[in-house]
Amino acid sequence: MPRQLKFDTESLLPLPTAAFHILVALADGDRHGYAIMQDVAAGTGGRLKLNPGTLYTTIRRLLDQGLVIELDERPDPEDDDERRRYYRLTDMGREVAKAEAGRLQQALAFARQAGLAPKRT
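For the record, in the sequence shown the residue sitting at position 41 is 41 according to the working numbering, with numbers rising by one throughout.
Calculated from the structure, these hints are not laboratory results. Some hints could be false.
[Unchecked claim] Straight-line Cα separation of at most 30 Å, DSS-like style, residue types lysine-lysine; simulated pairs:
(1) Lys49 x Lys119
(2) Lys98 x Lys49
(3) Lys119 x Lys98
[Unchecked claim] Derived DEER-like restraints, expressed as beta-carbon distance ranges:
(4) Pro75 x Gln106: 34 to 42 Å
(5) Glu73 x Asp28: 12 to 20 Å
(6) Ala117 x Glu82: 40 to 48 Å
Heads up, the beta-carbon is just placed ideally off N, CA and C, and yes, glycines get one too.
Turn these sequences into a full structure, and let the hints steer you where they fit.
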């Protein structure tokens, strides 16, 4: 019986800002690089705009960590630019993104207690 590898989510935290936002963009489904950049910019109200160098360097790191995979298949090969590479969030990537979201939630609660962030309404 093959041995399952266990991973320690906490050992990958804190995630760099770009990595977290890329994982969040992929949580809704497969995306190509440009779509990830658009989703991150839209999801942050334009406050975070990933340039291609940051995007692809970070994706390479996420691939190496097993948090995302590059897909061989394309959603619609006839209606798609063959140069596009599509990425998918792995189960491990989803768990790490959830853990990072929880860590950020705790940080925000701490900032609220210190009067540095608005109280919840």
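Consistency of the hints with the structure:
no.: 1; hint: Lys49 x Lys119; verdict: holds, 27 Å
no.: 2; hint: Lys98 x Lys49; verdict: holds, 22 Å
no.: 3; hint: Lys119 x Lys98; verdict: holds, 23 Å
no.: 4; hint: Pro75 x Gln106: 34 to 42 Å; verdict: holds, 37 Å
no.: 5; hint: Glu73 x Asp28: 12 to 20 Å; verdict: holds, 18 Å
no.: 6; hint: Ala117 x Glu82: 40 to 48 Å; verdict: holds, 45 Å
Checked against the numbered hints given earlier, this structure breaks none of them.
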